[in-house]
Each structure stands twice: as structure tokens, then as C-alpha cells.
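Engineer: So you can see what is in the structure, the chains are spelled out below.
There are 2 protein chains.
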Amino acid sequence: MSIKVNDKFWERYFKLIRDEMIPYQWNVLHDQENITIDKERDDENIPSEKSHAIQNLKIAAGLAEGDHYGWLFQDSDVYKWLEAASNSYAIHPDEKLLSMMDEVISLIEAAQDEDGYISTYYQINNPKLKFRRLFESHELYCAGHLIEAAVAHYKATGSERLITVSNQFVQCIKNHFGDEEGKINGADGHQEIELALVKLYEVTKDESLLELSAYFLEVRGQDPDFYKKQLEENIENGLSQGPVPTINNEYHQSHKPVMEQEEAVGHAVRLVYMAAAMADVAYYLNNEKMYEACKKIWKNIVTKRMYITGGIGSTVHGEAFTYDYDLPNDTMYCETCASIGMMFFAKNMLKHETDASYSDILERCLYNTVISGVALDGKHFFYVNPLEVQPEACQKDPGKSHVKATRPSWFGCACCPPNIARTLTSLDQYIYSSNEDSVFAHLFMDNEGEINLDKGTVAIRQETTMPYSGNVRFYLELDNINKMRLGIRIPSWAEDFQIIKDGKEVEGKLDRGYLYLEISKRQTVIDVHFEMKAIQWASHPLVRGNQGKVALQRGPFVYCLEEEDNGENLHLNSITNQQVTEKPVEDSALGDIVLLETIGQKEKITKEWNERLYQKYATKEVEQTQLTFIPYYTWANRSSGQMQVWVNKKE
Amino acid sequence: MSIKVNDKFWERYFKLIRDEMIPYQWNVLHDQENITIDKERDDENIPSEKSHAIQNLKIAAGLAEGDHYGWLFQDSDVYKWLEAASNSYAIHPDEKLLSMMDEVISLIEAAQDEDGYISTYYQINNPKLKFRRLFESHELYCAGHLIEAAVAHYKATGSERLITVSNQFVQCIKNHFGDEEGKINGADGHQEIELALVKLYEVTKDESLLELSAYFLEVRGQDPDFYKKQLEENIENGLSQGPVPTINNEYHQSHKPVMEQEEAVGHAVRLVYMAAAMADVAYYLNNEKMYEACKKIWKNIVTKRMYITGGIGSTVHGEAFTYDYDLPNDTMYCETCASIGMMFFAKNMLKHETDASYSDILERCLYNTVISGVALDGKHFFYVNPLEVQPEACQKDPGKSHVKATRPSWFGCACCPPNIARTLTSLDQYIYSSNEDSVFAHLFMDNEGEINLDKGTVAIRQETTMPYSGNVRFYLELDNINKMRLGIRIPSWAEDFQIIKDGKEVEGKLDRGYLYLEISKRQTVIDVHFEMKAIQWASHPLVRGNQGKVALQRGPFVYCLEEEDNGENLHLNSITNQQVTEKPVEDSALGDIVLLETIGQKEKITKEWNERLYQKYATKEVEQTQLTFIPYYTWANRSSGQMQVWVNKKE
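Chains A and B, in that order, give the protein sequences.
One point on numbering: in our numbering, the residue at position 285 of the first sequence is 285, and numbering is uninterrupted.
One point on numbering: in our numbering, the residue at position 23 of the second sequence is 1023, and numbering is uninterrupted.
Wrong hints could be hidden among the right ones.
[What the hints assert, rightly or not] Simulated pairs of lysine-lysine, DSS-like, Cα-Cα distance not exceeding 27 Å:
| id | chain 1 | residue 1 | chain 2 | residue 2 |
| --- | --- | --- | --- | --- |
| 1 | A | K295 | B | K1616 |
| 2 | B | K1155 | B | K1199 |
| 3 | A | K379 | A | K39 |
| 4 | A | K509 | B | K1199 |
| 5 | A | K607 | B | K1649 |
| 6 | B | K1295 | A | K616 |
| 7 | B | K1174 | B | K1289 |
| 8 | A | K199 | A | K174 |
| 9 | A | K509 | A | K351 |
| 10 | B | K1295 | A | K296 |
| 11 | B | K1296 | A | K607 |
| 12 | A | K229 | A | K256 |
| 13 | B | K1289 | A | K620 |
| 14 | B | K1130 | A | K650 |
| 15 | A | K130 | A | K58 |
These are computed hints drawn from the structure, not numbers from a lab.
No experiment lies behind these values; they were computed from the predicted model shown.
Isolated chain A, as found in the complex:
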């Protein structure tokens, strides 16, 4: 499959990534950007003076002197940058970027140990503890990001340099891990290598990579004391001192074997990275039981533990899931990386079954929490994506120190910024999937390319008015085949739709959210119209924070109120039964967007409340007010102020 996205909405991001994010992040990783690095939450232990990521590699390579600085997983920032740069290069080749990448690759080659190992923290500070503190070491996590960068770079440039580095590291890992006597029989505390190995398999076809991935997935949680025992052994062997910290196995999903996990628990990014890998391994190894396990986790997330914005992770404590229907809007985590992980998970589930319940969520994550993670200037980022913000609370309630009212320039833990860049530049991989005789269209944006089916190729092109309105035209041209099926996802936000093929409206029953068309002419044009109106969503009654409230959505975008448009005290507003109207604007700050407007009500703070906190109940005084909603991803791009997704609904 080879697809090129040439969509107005998304090309703005590609250009932003190319012109702003990649050079900016390069400078940050080289400690050459004059910025303040924010702690992702109020915690003294977060290293936030500088990135030092390139410098760590230089020190490990013997090209510089000094100590390691930053998190144990600082290397992964470089690998994710490299992956984003490679993807961007594929979209828009550029000699300067190629040489920037080559410089980094040389550094990685130089930093790699003879035996294939790379992890600058352990190489510089603690070589004796390599692979011996897996609960937190992130060595295989970083290996995974190295491998993903290698695959992306190989696909973009044809260069095998990083593939070679990766293969050597994989060999090192194979030498150390496994259920044979004398090897380490466990997995990294942060899942990532599991999904990377499958990507490496996809280009090298080395099946031992799939087996290694399956091994890491299956060994997890088999011995819930694995991490603790490693630490105890280090103390016994004089490699480190006690005491052994309390290890919360749910945090890294090692509390029980993955096949037995039916709920999404622990650190949200780890969970979805793991689940994405499980779905992929299950697909390639035809492991039905593992796919069943994936379905249970998927269902638990999307029916009990996911925000309307596609955000996951209800608490900052462990950046974690909590329990069913616990979705607070103002203390949540909703990490950008976690929604990116949900996209991976959805994409891999679609390999098994074409079901809109996967692709709807994929779209929901992408158009809301994922792109909310980056400012429209490309240089400021959200780690946490709240659904309700009061700037005063972010400053004065220590329990909300992780909730930022504006996007910081960078973070002590900088996982999100390069993750956004690498994901958006690989968007071409999310639009379609295919099997022997069918193409499935999951996302709608201008694009063109070719998709190989069993017996031939189909050239496909979309021309759309998405995401502004719901018109999509498909051009199909068959090559060497006489017929195929095209499955078109009917989005959950489309209350109605029309599909016209050969001048005739196509009737048909939806199959798990897709409408299927038989294509048998060499050239076919299909016109699709999705009704794109403002929808008011309500939450399950057990979601306490959303009781009596609705959230607006139009097309793929969830909307929100911002103080800049609606004045202070957003929580006093109510949506009434007045019509919600659409207003396309070219906003100087927010770009081309469609505003949603309605006449609502706002509760008045009457004089009787002066110097009173409580008084006897009386009917409230309200006044009419104009409510203006903007797409969620555009919030916090103007002045700092309140924001709210869920708004009171006056029945």
C-alpha cells in the first residue's frame, strides 16, 4: 500500500512538522533552544533543566565527557525525533534533513556497545545494572523506539544503517532474554519493544521477531514478583543497595498474564502499547486467544474508561486508569501519548475485523486529543489534555499541578512532542486497510495512492471537503483485476448519509458500521455525503461529572467553550433547546474552523450572594447568553482562560 495525503487540513500539520517541529525539537534535543522546560507535574524529582538527549549519546559514544542527565528513557526522544524526521522526509524529501538524520544515526552507531546494547543511562552511569532493573529501566522501551525509527528511516530512505543497529540490539536482547536457564525470563516495565518487533518483522520478514514479541507479551505477569526478585538479586549480588521499593504490578500490567486481563488498568500508555502489540502479534501468528484478550481490553476502555475526546487515563497518579465510569473532567490525565497508543491499538484491531467501533475511536483520538497535544504554532505541547480547565485551579490546587492551562514549550518527560510528530507524519498508514479482494476506507481526507490486492492493484483517490463538511469523492481504477469491494466507514457522527455510484444511490445494510460496494468497472467514481450536523452527546449516568451535561460534536471534532469567547465562569452556562448553528470562519488565531453557536442561558450571581457562601435555596436567576464553541483541538491557542467540554443542558 502506498498512499500520499494531500489534504488541506493535514498538509498544514505536515508543513508545521517539517518547518517548525522537527527543527525545533532538533534544537531542544541538542540543548540549543532557549526555552523553559516544564515539569509535567509538581514533583521535585522531574529532571527539567535541559534535554541533554544528544549529549547523553555523545558521552556514551566516548565523544564527550560527563554524566547522563534526564530520565532513564531520554534516548527515546531522539529515536522518536528520528522516526518523525524519516516520515517527514518520505512526505517531502529534503537534503538538509537527510544530513541531520545521518548525523544522529552516526552518533547512535558510535554509542552502540560491541554486543549491540544501547541505553545511555546504563552505559554511562551504571553498566553493571544493564537489564537488571527492568521495572523502571526502559532499556527495551528505548530499543523499541530505536527499531521503529529504523523501520521508518529504511522505508523513507532505503538506508539500512539503523536496521543494522537494530538487528544487533535485537541479537543482544535475544542473548539475554528468554525462558532458557541463565537468561532473564521477563519483560520491560514499559511495553514498546513488543510492537516495534512486529514492525521490524514487516520489513525483514524475520519470523523470530514475531516470536520474540510474543514471548515478551506472554511472559508478562506470569511471575508477578519478577521485578521485585530482580531488585532483590541485585542487593544479594552487591550491585545495589536496599530497600527494595514497593512495586505496583498493575502499573505496568504485570499483575497477571496478559491473556487473563479483562480490564484496562495501570499506566495508560503502557496498556495501549501492550494491547496494540497483542493485536498485531495475534494477527500475524493467528492467535485467536490473544485477539479475544484484546477485544476484552478494547471493550472495557471504550465502553467504560474513555473520554469523549478519545482521552484515556483518569488519574495523574501513575498516569493511569482507575475504575469503570470514573472520568473526572478536571483531574484526568488523558495523555497525548495514550491517545496515540489508542490509534495504534485501533489500527491493529482493524487488521482482524473491519468494524467501525475501532475506526470511529481511531478518528476520535486523532482529531481531538492527539492534535490537541500540539499548539497551532507547532512549538508548544500538551502532555495532559483536560476536558475542563480553570487556570486558577492549575496554580492553586496542587492536585491539579499536572493540568496546564496553556501548552508548555517542552517537558521534563518529553515523550509527547516527538510522538505527535511521528504519528501525524505516518497518517497515510491509517486511512485504509485491505485484504485479498477488498479495500476498507476508515478515514476521510484528500489522498491518493495504490493498494495491492491479491490479484492486482487498485489506484485510489479521495477528494473531500472533510473535516469541514461531509463530502467525499472516491476515484478507483483497477489494474489487473476485474472486481473488488470497497468498504466505506459510515461515521457514528453522521446521522444520515448518501452514496452515489454511477449516478445511482447505493442502498445497502451496514455491516459493522461499513457500507460495501462491489466495484467491477475499470474506473469508478463514488460520491459520498455524510450529514455533518452538531450532535449533543450525553454520558452514561454513572459518569458523575457529566450528569446533566452534554458535549457537542460536529464531524470528527468534539467542541468546547473557551473563556475568550464566552466570558468567565463557563460552568454557569447551559445549553437550552435553541438551535445550534454552524459558522465557518477563517480565524486569525485558530485557522479555518467551523464555530458552533447557540443561544443559551447563564446563571447570574446575584447581589444576595455577596459575602455569603450558603443561603436558603431559591430558584436561580438566569439570563440569555450567546454561546460560541470551538473545536477542542484549537483550545488554548489564544489567551489563558477557562475551557469546558461538557456543558450543562437545560431540559
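With chain A held as given, fit chain B onto it using these hints.
Structural biologist: What follows is chain B alone, placed relative to chain A:
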């Protein structure tokens, strides 16, 4: 003033304290009670294996060997027990209790250093750092509790043993603290000695104690770097190692001079202990400026930062205030000790001005958050007094680990249990105040005693149906005086009232919430009837969590819904315009209480919600339901379940 409380409602507590709490707490302090000690929140550093408080004193006294165990302020648990025991002895003399107290007093005498110093942590573990880590050492905090115990013990028994110990410690403190060259020019990180010194002054009339208290109040915040400098000096002098921790001065109200503080910030208990001392010192030293500062802090709390239950402290982080109108119901702190401190503050403000805004709050704290702190069995305690509880959240949301759904037996930090005991046994001190020719009746309960006015004495007796209904009869008998004034507080919960004196209804205008009667006969009987009906309170519109909700109150009691009476998912209930009826019951578990009942509505969780988290908004289905409210202080005395104070109001 000498008052004896002989009230049915309160005598149950006195008996509980005498028969259960004091012996139980004695056993716990001696590590002789077989209980599990809970951490007050999920924090590995909380010492919770045992109390060890008596053992620490034995070790300091040289009567046992070993290390100190527990918090730096573990000694204060013993002093507060001693104060409670003394107060209880005054109510109900008992030889066995006297000898238990004597044993502890002997231990304290033995533990005291030659120079008067006592603080077992520093005596045992770190003598070189005495008075050198004031930001957290609690040495003067413990001294304060020692002094309060001494005063109570002296008043109850006439014994001066602990007064002597206290005087020696005070002398030690005077030797070390002050603005003279060479002395430590600062105050303890936890206010307490400031109010204790005034109590010692009240019995000894030693005015230097008032000056010392005023000194500690006024030096606070003069140099915001005081605590940091102490730590830096220790490092310079080789007494301890770095690094110096970050010190949050607002936490202990040392961010600016107390006279300039206009908002209640930081650790709630510290703030109210400080404010209570300020009010007292301002009263005795006639310091108008200090009283003005108290009024600002009072006003900020009661008009912006106090829960309807009299709870204060909106966050577990630093057990602290946050910002105006930030009163979340499910993550708050509302520490029992903080509401006890509000009672101290209110009591001392009443010395300046007889204003029902003080005594209403006093009553609100006492009848709600303070007695909610102890189970009806006297052996289980709340540190944190939530307004909304879901047991699942307490277990699975780490941000709510401090919120307990049932009262634990004891806490790692055990400040609250003995604080409740000492406060309730001193209730006689809160009912009345007086000046030269007037008596002011603030609280209503059966009691009798004598109050000295300038020219004579009045014998006073209350016979009441409180807190069950609003009838209060006062018997007054003047001795050596011809006339006096009686001010009767008209509670904010009484929508109407009647006062009959000499068979005639008294008319009159309220003066700051009090009705004044001129008494000129030797014997006078006054009948008061307060209308005691269920009131529905609403919150200021800026209190986000209470929007669209009401809380019920009847008489002094705030009410709540419990799952045991109302089924699960309390948040789905709404109060409608149906009448709220009263139902007195003798409940086997909850004692004599008046239930409030009404026909409300409950939102149904319809089948459409199966396996769905969001769906398009539709009018909700509701069903009629019986709602049964119990007084807040009785919650969590039956099965573990949900609880809710603020309930949806259907307009």
C-alpha cells in the same frame, strides 16, 4: 464560670469518652491494643506499625532502650490524651483514671531534660538538632499540647505537677527564643504553643506568657527565609547534610507577617490554631490591629472556603486551603482537627464581639464535622470528613486514598482521636460567655452552673429538647446583683422563634444574631422556642461541585444520604418540591435521631446504556423514589457504602 453539662445527647459522648475512648486510647498509646493502624493517606513514609508514644517517653526518660518511632510530634498524642483524661475527670472523678494520669505525668517528668526541654524524637535521635529544624520539628507544638494538658489537669485536680513541668519548658523556650542577639528569632512550623501560652496565662496570670505568645505570632513570616536559613546553618555547622528541601512557606503561614494575611492559606489546622491564638492574644493585649487581622481571616474562611459541614481544607496536598469557592466534595480534606480549631477560633472571637456569625459556625463545626470524626462506638475515627463518598473511588483512585469510606481504628498520624476527646470534654467552656453585666448563651443543651459578673453571680440552668427539637428553658437566679442582660443566640437555622419571659412574649430586634433580655428579678424563667424545620441550603454559584444541588439541615445537623437507606448510585437522586418530613426514630445503630424523608426522583439507567458510554442526548427517564436522610455525624456507622451531602435539586 463553672458549668456542668447534663445533656442527654452530650452525656452519651462523655460516657463514651470515659468508658471507651480514654481506656482505648491509653492502650493504643501503650501499644497494647490489637488493631490495624491506617495510614491517613497512601504514602509509604507514614509510620503506621504502632503508636510507640509512651515507649518514646520511656526511652527519653532512660527507663527503656531503643529508637524513637513515629512522627516527630508523637509526644503530642500523649499530651492530648492527658488533657482529655483531665477534662473527663472533671466531669466524672475516678480514682483509676487519676492514677493512670499520674503514671503518665511521672513519665513526662522523668523524660524532661535538666534545662526543661522535652521532645522525645530529638532527645533520643538527634539532640544536636534541638530547635534547629523548626519548619518541621513540632517541638513547640508539642510544648503547647503539654501546656494545655497541664492547664486542664490543674483545673481538674488542683495538681501543679504538670504546671511545673510546663513552666520549666517555657523557661527553656524563653532562653532559646527571642529577638535578642544569639537567640532563635522565629516560631515553630506548626502553631499551637501560641494558644497554649494564653491558657497558661489564664491560670497563672503570668503576663510574660502573653508576650511570648504575641512574640511567636508576630515573628512569623517576618523573614520568609527563616526556616531555610536554619537548615543551611545546620549544613554549614556540620550538623546535617544537604540538600535543603524546598520549603513552602504558605504551608505554615510564614509567607508574610500574620497581620498582613487576609486569606486562609496553607495547612488548615495550623491556620486556625494560629488565628485562634491571634484572637486570644488580641483580646488580652487589647490589640485592635490583630483583631482586625483575625476578622479578615475569619471572613475569608466562612464566606469563601468552608464546607456546609464546618469542614475546612480543600485538598489533601498539604492538608490545605486552596482558593476561593474551591470546595470539592469528594477530594477535600476537612480534617476533624481543623474543625476543632475553627471552634477554638470562634470561641476566641466571641470574646471580642458577641456575634452569631461566630457562634453559628461554632455550632456548625461541633455538631457536624467534629463529631463525625468519631464513630458511635468511640473506637473508630475519621481524619478526613468527606461530603461525598464512593467506596470504590477510595480504593481505586489514588487521588482519594485519604478519603476513607469507614472510620479506621487509628492513624499513623493520630492527631484527631485525642483531639476529639479533649474538645468534647471541654464543651462546658463553649456554651456561654460573659462580660461585666451580661451573659451570652451561644449553644443550647441541658446544663447548669454559675457565671460571675462584675457585681455578683448568676446561677443559670438550661433544660432543652435540643438537638431534637427547638425548646430551651432558661432558669436564672441572681445573687448579689439586681439586674443583668441575657443574650440568646437565634440560630441561623431557626426560621422563626418565640421567647416568653414572665408569661409574655419578648419582642425585640436582633443585635448581630442575638436577642437581649433585661433580667431584673431574682428568679426568672425564660422559654425559648426555635422553629426547627428542614432547610434546603444552596451554595454560591462559584462552588462548582454544588451547582444545581441542595444540602438539608435541621437544627444544628447537616444531613446526608447513605447507600444503606437509599440504594446505590446516590448521585442519580434528586430532591423535588415534595415536602420533607421529619421522623424521629430510636435506631439500633444510629441512636436517637430524627430522619428526614421526602419523595424524590431517581434517574434510571435504561437498557440503551448497555455497553455504551456516550449516546445522543435524550430526555432522561426518572422514577419516584423515597429519600431518607440521616444526620451527617451518624454516617458510616453501618455498612460501608456511598454517602452524599449535596443532592441534586429538581427545579
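Engineer: Run every hint past the structure and note whether it holds.
Structural biologist: The hints, checked one at a time:
1. K295/A with K1616/B: It holds: about 24 Å lies between the C-alpha atoms, which stays within 27 Å.
2. K1155/B with K1199/B: holds, 11 Å
3. K379/A with K39/A: Since the Cα atoms of K379/A and K39/A sit roughly 16 Å apart, the hinted pair holds (cutoff 27 Å).
4. K509/A with K1199/B: violated, 83 Å
5. K607/A with K1649/B: Judged against 27 Å, a Cα distance of about 22 Å means the pair holds.
6. K1295/B with K616/A: Roughly 24 Å between the alpha carbons, so the hint for K1295/B and K616/A holds.
7. K1174/B with K1289/B: Distance of about 25 Å is within 27 Å: holds.
8. K199/A with K174/A: holds, 17 Å
9. K509/A with K351/A: holds, 22 Å
10. K1295/B with K296/A: The hint is violated at about 58 Å.
11. K1296/B with K607/A: holds, 21 Å
12. K229/A with K256/A: Roughly 16 Å separates the two Cα atoms, so the pair holds.
13. K1289/B with K620/A: It is violated: about 39 Å lies between the C-alpha atoms, which goes past 27 Å.
14. K1130/B with K650/A: Roughly 62 Å separates the two Cα atoms, so the pair is violated.
15. K130/A with K58/A: holds, 19 Å
Hint compliance for this structure: hints 4, 10, 13, 14 are broken, all remaining hints hold.
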